[in-house]
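Novice: Here are the chains, one letter per residue:
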Amino acid sequence: MTRIGSLLKACLTEDMNIFNLRSKKKTTGKKALPVLLALLIGGAVWGYANMMLDSLLPSGSGFVMLTLFAIITSLLTLIEGVYKSGSLLFNCTDDNLMLSLPIKRSTVLFVRVFKLYVFEMLYNALFLVPAMIAYAMRVDVSWSFYLTSIMAILLLPIIPIVIACPIGAFISAVSSRFRMKNIAQIVLTVAIALIALYISWNLEGVFQNIAAHAESINDFITKIYYPVGAYISMITDFSWVTLAIFIAVNIAAFTLMCLILGVVYFRINSRAKITRVNKHHNEHKIKSHKVMVALVKKELRKFIDSPVFVVNAGFSLVLFVIGTILISVNYQSLAGILNQYGMGEKIDEVGEMIRMFAPLVLMSLLLMGALMGSITSSMISLEGKSFNILKSLPVKPWTIIMGKVLTAVLIMLPFLIIGDVVMIVRFGFNLPEILLTIVATLVFPMVAELIGIIVNLKYPKMNAKNDAEVVKQSASSTVAVFLGLGMLGVSAYLIIQLAILKCPTDLIMGGVVTVYTLIMLGLILILKRSGNKMFMSIDA
Amino acid sequence: MIEIQNVTKKYGDKKALKNISFEVGNGEIFAFIGHNGAGKTTLIKSIMGIHDFDEGDILINGKSIKKEPVACKKEMAYVPDNPELYENMKAINFINFICDMYETPQDKREKNIKKYAKEFEIEENLGDVISSFSHGMKQKVALIAALSHDPKVLVMDEPFVGLDPKAVFDMKEIMRKMIKDGKTIFFSTHILDVAEKLCTRVAIIKKGELVKVGSMRTVKGDKSLEKIFLELEK
Chain D
1 MTRIGSLLKA CLTEDMNIFN LRSKKKTTGK KALPVLLALL IGGAVWGYAN
51 MMLDSLLPSG SGFVMLTLFA IITSLLTLIE GVYKSGSLLF NCTDDNLMLS
101 LPIKRSTVLF VRVFKLYVFE MLYNALFLVP AMIAYAMRVD VSWSFYLTSI
151 MAILLLPIIP IVIACPIGAF ISAVSSRFRM KNIAQIVLTV AIALIALYIS
201 WNLEGVFQNI AAHAESINDF ITKIYYPVGA YISMITDFSW VTLAIFIAVN
251 IAAFTLMCLI LGVVYFRINS RAKITRVNKH HNEHKIKSHK VMVALVKKEL
301 RKFIDSPVFV VNAGFSLVLF VIGTILISVN YQSLAGILNQ YGMGEKIDEV
351 GEMIRMFAPL VLMSLLLMGA LMGSITSSMI SLEGKSFNIL KSLPVKPWTI
401 IMGKVLTAVL IMLPFLIIGD VVMIVRFGFN LPEILLTIVA TLVFPMVAEL
451 IGIIVNLKYP KMNAKNDAEV VKQSASSTVA VFLGLGMLGV SAYLIIQLAI
501 LKCPTDLIMG GVVTVYTLIM LGLILILKRS GNKMFMSIDA
Chain H
1 MIEIQNVTKK YGDKKALKNI SFEVGNGEIF AFIGHNGAGK TTLIKSIMGI
51 HDFDEGDILI NGKSIKKEPV ACKKEMAYVP DNPELYENMK AINFINFICD
101 MYETPQDKRE KNIKKYAKEF EIEENLGDVI SSFSHGMKQK VALIAALSHD
151 PKVLVMDEPF VGLDPKAVFD MKEIMRKMIK DGKTIFFSTH ILDVAEKLCT
201 RVAIIKKGEL VKVGSMRTVK GDKSLEKIFL ELEK
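So the protein sequences, as listed, match chains D and H.
Note that my numbering gives residue 259 to position 259 of the first sequence, counting from 1, and the numbers run on in steps of one.
Note that my numbering gives residue 220 to position 220 of the second sequence, counting from 1, and the numbers run on in steps of one.
Hints are computed from structural coordinates only; laboratory data are not their basis.
Heads up, some of the hints might be wrong.
Claimed, not checked - In silico EDC-like links for lysine to aspartate or glutamate, alpha-carbon gap of 20 angstroms or less: (1) Lys-285/D to Glu-68/H; (2) Lys-385/D to Asp-107/H; (3) Lys-212/H to Glu-3/H; (4) Lys-528/D to Glu-68/H; (5) Lys-528/D to Glu-110/H; (6) Lys-287/D to Asp-107/H; (7) Lys-396/D to Glu-103/H; (8) Lys-396/D to Asp-107/H; (9) Lys-290/D to Glu-110/H.
To be verified - Here are the simulated distance ranges between beta carbons: (10) Lys-108/H to Leu-518/D: 56 to 62 angstroms; (11) Ser-134/H to Val-35/D: 55 to 61 angstroms; (12) Leu-435/D to Asp-57/H: 47 to 53 angstroms; (13) Ser-134/H to Arg-271/D: 15 to 21 angstroms; (14) Lys-223/H to Val-35/D: 26 to 32 angstroms; (15) Leu-525/D to Glu-124/H: 46 to 52 angstroms; (16) Leu-99/D to Lys-172/H: 34 to 40 angstroms; (17) Asp-57/H to Gly-511/D: 22 to 28 angstroms; (18) Leu-232/H to Arg-3/D: 20 to 26 angstroms; (19) Thr-399/D to Asp-107/H: 55 to 61 angstroms; (20) Lys-234/H to Asp-539/D: 28 to 34 angstroms; (21) Leu-256/D to Gly-37/H: 26 to 32 angstroms.
Ideal placement from N, C-alpha and C gives every residue a C-beta, glycine not left out.
Required output: the full structure, derived from the provided sequences and hints.
Specialist: Here is the structure:
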């Protein structure tokens, strides 16, 4: 036990200090930004939870809000766990050290899964805690609510992780048999994530049904997903026995998974390490490129070779394409959404309404696609120790930085253009709308990627043991996601409000594009002024 | 030519380099030796413009690395102590990438890559992914990448670590050829025998301070370099 404790302490001390708050070098601003962002996200979640409570409390079913938050965070943990576990558990840079220690292989696995659990638990807490506070402020709760909620925050991520890790291991095991194992891993991960997403979308109907029959909610959820059911059951009717079973089930599931997966863990990990070499010596083509072309090629290579990077970046882009196609094919659902905001009542023809608002919907989707999947927020950190090679090259840091931004924009553009074309053709945008959409398609990714690179220059993580630590668990990726969420929320809110006020579509689009162009120029100015200094101050 | 002028580098309150000054002339092989943590890598990274330093300046063929980093780097090549290369790239692509960054002409890079790959006996592995290489093979790739653009100044951090005896021999021969062409070689090493036989000048650093610098003959006198080093360490 002492050895496991020491191992966990050693690993978590390094990994959980993602904002490097103990560093003497950090300025107050650098430390305050993540805290401020966390408070903003917490505040937004709290506000949203209160809105839900407004409609649920009159029928005495306020706990449905907590159920939805618990289910959604569990689903997110499951989907994230699937594509993070492949990278977090296998082929880590500290494999030689960990596997040479006189400890069981299942212990190595336990420590790595535990690290995943701690990060997911903290991430979920950011959403669950404000929701729980909102509930406690509006409903007369006893001490048992606080005890149960603390236990729920600690235990709810466990079952999704217990399910996700074997799936991640399966993907790693299968993909390691292919020559191009990274591509295989990407394809398998995307396929499984899309299946999980499809199932969760289909659960929407189930949730609506549950909300309509809130009296039987506890029984129903207990049947389909035990952990959330147990939590809700304890909130409404606390029992020590239920709490004990809740704890025991989670701990037993976690331990069993580590023991069972531990049997095959070493074999999968060893296979994942194998790099296939060319059996035949071929004449190699040596071809010179311009500096920027060479930098972009190198960045693209790095991107494609990291499954977790591709899946993370590609997720919002794939969702964007799916979203535009779904809206184009089934625009009645869009009419329903617009009706909720009171925009559909005075327009008789649904088709005309969709045509009127389609450019704004596309603009919001473009913002989502660009801002939710910042690629550059990981690009500096992923250099790791090889960052010194870049620093030693006779190339200005500005060129290297812009090479990364350009690569990220080039990765995003094909997806964004597909979505644009689908909606422009389907809804027949007029010329100003087409032109503004084209500008937005270029400006939004630039803004997202400029933010990403600045954040990564501010919060680099050069000593990661695997790509997932950088892409999913680093300060820069977290800050970039939160900043993107915040900008997306504010922009979408303003677009909707202006549309409600009957502001002309062209004017709204022009306004949004102008604001984002100004932001882009401001970010370029920041990079021009401080990029070199930030780049050179990073010590790999 | 490398001119190091009163260079001081601090990590927080700790001085990693204390007012270091010396020169490495053209046609010289210069060894930089010192115990672990003495400041060797810090000075090498300062010379290469990998990190900044607090006081002083470093001139490469008369140009300041602080004021004209790109121009200085164009004349240099760097071999790091631990060859942390782009693991997912093929060796040939990595070397070609470095040549692209130095804007090496097509014919020159083709000639040099073939020449050095043959000398280091790695021709057949150039098409393999770097992550499949041993430490020594990675070191060879780093060396070929550094040499392929014909640098005027070669800066290396522990270049012989991990190399097989044949590669060490070839590397020494390449270094000798380079100084005949009037180029400058500066490297750190713990292998004192090699330094003693190969180098024209030497500097010894201890806890960030330069304790001895000069020609090999002046520094060691009749004693071996190892003996001098151990005496200074006491």
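Novice: Does each hint hold? Answer for all of them.
Specialist: Hints versus structure:
| no. | hint | result |
| --- | --- | --- |
| 1 | Lys-285/D to Glu-68/H | violated (33 angstroms) |
| 2 | Lys-385/D to Asp-107/H | violated (31 angstroms) |
| 3 | Lys-212/H to Glu-3/H | holds (16 angstroms) |
| 4 | Lys-528/D to Glu-68/H | holds (17 angstroms) |
| 5 | Lys-528/D to Glu-110/H | violated (36 angstroms) |
| 6 | Lys-287/D to Asp-107/H | holds (10 angstroms) |
| 7 | Lys-396/D to Glu-103/H | holds (14 angstroms) |
| 8 | Lys-396/D to Asp-107/H | violated (25 angstroms) |
| 9 | Lys-290/D to Glu-110/H | holds (16 angstroms) |
| 10 | Lys-108/H to Leu-518/D: 56 to 62 angstroms | violated (46 angstroms) |
| 11 | Ser-134/H to Val-35/D: 55 to 61 angstroms | violated (46 angstroms) |
| 12 | Leu-435/D to Asp-57/H: 47 to 53 angstroms | holds (52 angstroms) |
| 13 | Ser-134/H to Arg-271/D: 15 to 21 angstroms | holds (20 angstroms) |
| 14 | Lys-223/H to Val-35/D: 26 to 32 angstroms | violated (60 angstroms) |
| 15 | Leu-525/D to Glu-124/H: 46 to 52 angstroms | holds (50 angstroms) |
| 16 | Leu-99/D to Lys-172/H: 34 to 40 angstroms | holds (37 angstroms) |
| 17 | Asp-57/H to Gly-511/D: 22 to 28 angstroms | violated (51 angstroms) |
| 18 | Leu-232/H to Arg-3/D: 20 to 26 angstroms | violated (42 angstroms) |
| 19 | Thr-399/D to Asp-107/H: 55 to 61 angstroms | violated (25 angstroms) |
| 20 | Lys-234/H to Asp-539/D: 28 to 34 angstroms | holds (32 angstroms) |
| 21 | Leu-256/D to Gly-37/H: 26 to 32 angstroms | violated (46 angstroms) |
Figure legend: structure checked against the earlier numbered hints; hints not met, in rising order: 1, 2, 5, 8, 10, 11, 14, 17, 18, 19 and 21.
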